[in-house]
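If you want the building blocks of each chain, they are given just below.
Number of protein chains: 2
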Amino acid sequence: MNARSDTVDIELDIEGAAEYLNLPRSRLKGLLDRRILLQNWGEYQQLFRFDKSVSKIEHGSVLYQKDGSFELIRGFPKIQRAMLLGPALENHFSKIKTVAVEEKMNGYNVRVADIGGKIVAFTRGGLVCPYSTERARHLLGRDFFDDHPDLVLCGEMAGPDNPYVPKDIYGIGSLDFFVFDIRHKGSGTPYLLHERRKLAEEYGFNQITFFGEFSLDNAPDEIASIIRELGKIQHEGVVIKDPMMKLNPIKYTCSQSNCADLRHAFKFYNDIGRDYFFSRVVREGFQSVEWNESEAELQKRCLQLGESILRPMIESIKQVRDGTRIADDVQIRVKDLGTVSTYQDYLRRLGVDAVFGEPEIVGDEYLVKIKKLNQSTNDKTESMCKGELW
Amino acid sequence: MNARSDTVDIELDIEGAAEYLNLPRSRLKGLLDRRILLQNWGEYQQLFRFDKSVSKIEHGSVLYQKDGSFELIRGFPKIQRAMLLGPALENHFSKIKTVAVEEKMNGYNVRVADIGGKIVAFTRGGLVCPYSTERARHLLGRDFFDDHPDLVLCGEMAGPDNPYVPKDIYGIGSLDFFVFDIRHKGSGTPYLLHERRKLAEEYGFNQITFFGEFSLDNAPDEIASIIRELGKIQHEGVVIKDPMMKLNPIKYTCSQSNCADLRHAFKFYNDIGRDYFFSRVVREGFQSVEWNESEAELQKRCLQLGESILRPMIESIKQVRDGTRIADDVQIRVKDLGTVSTYQDYLRRLGVDAVFGEPEIVGDEYLVKIKKLNQSTNDKTESMCKGELW
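Residue numbers (the working numbering), protein chains in the order written: chain A, 560 to 949; chain B, 560 to 949.
The set of hints was computed from the structure by calculation and includes no laboratory data. Watch out, some of these pointers could steer you wrong.
Identical copies carry no separate label here, and so any pair may be met within one copy or between two of them.
[Unchecked claim] With a straight-line Cα cutoff of 30 angstroms, these simulated DSBU-like cross-link-like pairs (lysine-lysine) come out:
1. K757 <-> K805
2. K859 <-> K826
3. K826 <-> K945
4. K611 <-> K757
5. K726 <-> K615
6. K826 <-> K615
7. K939 <-> K654
8. K859 <-> K791
9. K859 <-> K877
10. K810 <-> K826
11. K931 <-> K656
12. K928 <-> K744
13. K826 <-> K637
14. K744 <-> K791
15. K611 <-> K805
16. K945 <-> K805
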């Protein structure tokens, strides 16, 4: 019995797991010792997640035993980014004739699978998010998983009731799940693009928008024009895929989305990693070069970048100076009040400082407002206002 | 005899050094083993520098033996920055009535001292820079050091013939040394501000500009107005000091200088640390709040920030795309050609990739152009242009 009352240590069958993963037993033992292979807690304590990539097992992969044998839900592979669309398409997809273009939505990446009869939703890192799990059960139902217990549904959770990246841009009332991949447990092999869209449609699932298939010659222009249109409506960007899913997909995003990211990040300037800022700024430079911008367009881009950085930061500094703590206001909508307390516990375990409001009844659901406090930005700004030195 | 032909390992008298520094012998041994206390090479191999702060000994401090006893040149203390000038002055200088304001020049910080009869110039990190050493000997002469062998002259090397931060803004023909501090060997105790200025004047040294002494009440407005004027001529900023040098000085800089830093850094966007960008951007936010800027002023600041980031980066990307390698073009001017090869060796040891041009005779000196290659930015940009993914 573990000291923490909600966790009973389940012993991992190291020998069996090592054999299943084709890793030396000592290697597996080392992963557990170094907390790279980590056990979940509470209701899902039988799940072990990979906190880093190990051999060919992606970060975020989840290992568990079912009826004595092992199963693995592979982590969602990182999608690399094109900085210059034309050269990247030419270089990356040279072996195929056409590429398919789908929307990259701005929400959070979730894998949903049946684990021993229960539908469970995993975050990118392989954690079981209790909120996403409740929503997935509600949004997706059981049919698909009953018919295909060996499949993993990968999709974007998007909408305003999104506690990570709330967005009103999709005309979604609360939160929806948009399928962008269906993969096999164990191997992680993806469905071919059109078969995946067909299967998702059969079950009536929402899917990310499909913009078409383009020949490699036309793709740069077609995608640039899709990107410009998506930018106008503040959408994020596209993922460009080999329809046969043999080559890895690549992503490309709109300037407006980079700037929206910066606006949000600079509101909490001292809490966000420096690389987050940097990467978005560099994307702007490459896009401007590739689009061969006029002096007027460049000046507009410079102003937009500067404003995305300075305005939210200035707003936060003024707010703290005037005595208000800044916070990231998000919300969740649940069927079951139990999810609220499980989610609260989940955020606490992740080290997120969040204050939950009282649940409000909306229809047959509860809406809960959450203030995520960005301690570091609040503290730093406050200390500067008191005249401390940087 | 060491394997490297130019270095003979000089054994540090650990017992004596430990006693002199008031550190346990084992601690000192550990510092040597972990290469925190590092031996110099070549002509200055008898000097040991502290690569990190240790107890009260600053990073960049230099330890050596002279006639059997030890001497220590203390590292130049880090000067903390005011983000909000008013609150910082009030908080930091509350115990004194007036503060002195001197210019913070944009060059590089050098400490010059007599080491066993030779004038030597140290960088911030405690390395002997051969170029700065030659220039210091030429610019300062021996008189001061003969009269005051126990003093360390701290100053800014500024001007166009500056291989680190070349600036044309001071109307300097080549490179000059501007005294900003005089300190005692061993203790590091500084001269009082006015005594330091008097002593420097007696020896005819250049000094950083003195803007005056202000009562604490007037200081924020006075300094803000100095900063605005300095900004107009692209100067860097000010250091605000307790004339008695009991409280630590603090620094404050102009927006134009932040932006000039950003312009230079984004030219070499992949070679410069992310923190360098971030810190300068954050300063802009705080200054705008403190100066209570109008919508028009804020917009101007946003545009200036965006342009300082994007324009140089775009220029570099275009240059690399069109086949030219980007480089930081700097130059040095020396009396003795030997300095050129020693300096070349010095940069190589520091891992700086630099191509030296042929020396050109200018008057009684040699001008050498140096191209510092920013490998990482060149490589990254080239690979993006070839269509590789980020």
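Hints and how they fare:
For a Cα distance limit of 30 angstroms, the shortest separation of K757 from K805 inside one copy, 19 angstroms, qualifies, whereas the shortest one across copies, 76 angstroms, does not. Taking identical chains as interchangeable, the C-alpha atoms of K859 and K826 lie at most 30 angstroms apart whether they share a chain (22 angstroms) or sit on different chains (20 angstroms). For a Cα distance limit of 30 angstroms, the shortest separation of K826 from K945 inside one copy, 20 angstroms, qualifies, whereas the shortest one across copies, 36 angstroms, does not. In this assembly of identical chains, the alpha carbons of K611 and K757 never lie at most 30 angstroms apart, being 33 angstroms within a copy and 62 angstroms across copies at closest.
Neither within a single protomer nor between protomers do K726 and K615 lie at most 30 angstroms apart by alpha-carbon distance, with minima of 34 angstroms and 51 angstroms respectively. For the homomeric pair K826 and K615, neither the shortest alpha-carbon distance inside one copy (38 angstroms) nor that between copies (37 angstroms) is at most 30 angstroms. Taking the closest pair of Cα atoms, K939 and K654 come within 30 angstroms of each other only across two copies (24 angstroms); inside a single copy the shortest separation is 51 angstroms, beyond that limit. Proximity of K859 and K791 under a CA criterion of 30 angstroms is satisfied in both settings, with 14 angstroms inside one chain copy and 24 angstroms between copies.
Proximity of K859 to K877 under the C-alpha cut-off of 30 angstroms is found in both arrangements, the shortest distances being 26 angstroms within a copy and 19 angstroms between copies. Within a single copy, K810 and K826 get their C-alpha atoms as close as 26 angstroms, and across copies as close as 26 angstroms, so both meet the 30 angstroms cut-off. In this homomeric assembly, K931 and K656 never come within 30 angstroms of each other (Cα to Cα): the closest approach is 47 angstroms inside a single copy and 43 angstroms across copies. For the homomeric pair K928 and K744, neither the shortest alpha-carbon distance inside one copy (35 angstroms) nor that between copies (61 angstroms) is at most 30 angstroms.
In the homo-oligomer, the alpha carbons of K826 and K637 lie at most 30 angstroms apart both inside one protomer (27 angstroms) and across protomers (29 angstroms), since each shortest distance falls under that limit. When the C-alpha separation of K744 and K791 is checked against a cutoff of 30 angstroms, the pair qualifies neither within a copy, at 38 angstroms, nor between copies, at 64 angstroms. Taking the shortest alpha-carbon separations for K611 and K805, only the intra-copy value of 24 angstroms comes in at or below 30 angstroms, while the best inter-copy value is 50 angstroms. Taking the shortest alpha-carbon separations for K945 and K805, only the inter-copy value of 22 angstroms comes in at or below 30 angstroms, while the best intra-copy value is 57 angstroms.
Hint check: violations occur at hints 4, 5, 6, 11, 12, 14; the rest are consistent with the structure.
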